[in-house]
Amino acid sequence: MNDEARLESLAKRLGASAAERLDVAATARNVVARLREQPLRRTIWAQQNWLRIAAAVLIVVGGAAVASRLPRGSRFGAAGERSAAHGAHFVADDLNDLSTDQLRDVLATFDELVSSDTVAVPEGSTDLRELDARQLRAVLRSLEG
Amino acid sequence: MAHPQLRTETSSDAALIRAWQAGDEQAAAELVERHARPLARFLAGAGAPDADVDDLVQETFIRAFRGVDRFRGQCQFRTWLLTIGGNVLKDFGRRAARRKVMPLDEGVRDVTGDPHEHAEASEVEALLAAGLKELPRLQREVFLLRAQQGLEYEEIAAALATTPGAARVHYHHAVKRLKEIVK
Numbered sequence: 028m029n030d031e032a033r034l035e036s037l038a039k040r041l042g043a044s045a046a047e048r049l050d051v052a053a054t055a056r057n058v059v060a061r062l063r064e065q066p067l068r069r070t071i072w073a074q075q076n077w078l079r080i081a082a083a084v085l086i087v088v089g090g091a092a093v094a095s096r097l098p099r100g101s102r103f104g105a106a107g108e109r110s111a112a113h114g115a116h117f118v119a120d121d122l123n124d125l126s127t128d129q130l131r132d133v134l135a136t137f138d139e140l141v142s143s144d145t146v147a148v149p150e151g152s153t154d155l156r157e158l159d160a161r162q163l164r165a166v167l168r169s170l171e172g
Numbered sequence: 689m690a691h692p693q694l695r696t697e698t699s700s701d702a703a704l705i706r707a708w709q710a711g712d713e714q715a716a717a718e719l720v721e722r723h724a725r726p727l728a729r730f731l732a733g734a735g736a737p738d739a740d741v742d743d744l745v746q747e748t749f750i751r752a753f754r755g756v757d758r759f760r761g762q763c764q765f766r767t768w769l770l771t772i773g774g775n776v777l778k779d780f781g782r783r784a785a786r787r788k789v790m791p792l793d794e795g796v797r798d799v800t801g802d803p804h805e806h807a808e809a810s811e812v813e814a815l816l817a818a819g820l821k822e823l824p825r826l827q828r829e830v831f832l833l834r835a836q837q838g839l840e841y842e843e844i845a846a847a848l849a850t851t852p853g854a855a856r857v858h859y860h861h862a863v864k865r866l867k868e869i870v871k
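Which chain is which? The protein sequence lines are F and P, in order. Take 28 as the starting number for the first sequence in this note's numbering and just add one per residue. Take 689 as the starting number for the second sequence in this note's numbering and just add one per residue.
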């Protein structure tokens, strides 16, 4: 058997034990149950809008954090503040142009920010998508410092 | 929910997809039963930890069913499903890296199951699994689609939105690197 045929033979065995252990009938039941629990249209709408909201929050909070660190009367002065505000506004306007993957990347950054020690995530929550509006507001308030 | 229609075991994937789109949940279940094991093999071969294979298989099917309107028969349903599995695994790796638990490239393997079976796993097979993780994602997926799943280059190219020639080049680069690792 040549090297390439040997590799192909080995590749065919890769993952075989994991596949054997899979309970296919249970997997099928779980998939159908999840599809039933989370209808398509609502999920897509909720996911995309949540991503947009998260991205907008990140930009606003990030901008505020940067602005709060600038000393008053610094060399940037009022013109600098206007420029920063304009920049944030410009970026926020472009949110609608971001793809789902790009928005997901922004959310990933936001997720890291929220998972840091400085932010009070409501007890028992492990995922931002689980938060309701009240809990989300609590997170945002803690981000404001 | 639509009532399941009479089907035979030879119902095509396309017929099952149409039935699912019409609201037949049993059609979705049948598609899962038909393709779950090959998908699990692909995911495990591409580096999914054994303990997470079931979750990743479920997530792949969920994404596939929700995006099934984008499947236009450009390749087989299974091939399309495997490429979605590749994306699901990539996202899983990112999340694992962020949470600093069990990143894919550490090659963490589930040690549950039959110890005898683990003992029998050949060293060469382990080398191949480790080598696959070192490959660029496209090379790894093309190699698995070709060598593990037995697909033709035309089919692989259609699924990965590339050309058969490019798929062939990726495969040969993968084989060359894996030969060096495994020899």
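Calculated directly from the structure, the hints in this document are not laboratory data. From the three backbone atoms N, C-alpha and C, an ideal C-beta is built for every residue, glycine too. There may be inaccurate statements among the hints.
Stated by the list, open to error - Partial selection, computed: residues in chain P whose CB lies under 8 Å from chain F:
#, residue
1, Asp701
2, Leu704
3, Ile705
4, Asp712
5, Ala716
6, Glu721
7, Phe730
8, Val741
9, Phe759
10, Ile772
11, Phe780
12, Leu826
13, Leu848
14, Thr851
To be verified - Derived lysine-lysine pairs resembling DSBU-like cross-links, with alpha carbons at most 30 Å apart:
#, chain 1, residue 1, chain 2, residue 2
15, P, Lys778, F, Lys39
16, P, Lys821, P, Lys871
17, P, Lys867, F, Lys39
18, P, Lys864, F, Lys39
19, F, Lys39, P, Lys821
20, F, Lys39, P, Lys871
Among all the numbered hints in the text so far, which are the ones the structure does not match? Hints 1, 2, 3, 4, 9, 10, 11, 12, 13 and 14 contradicted; others consistent.
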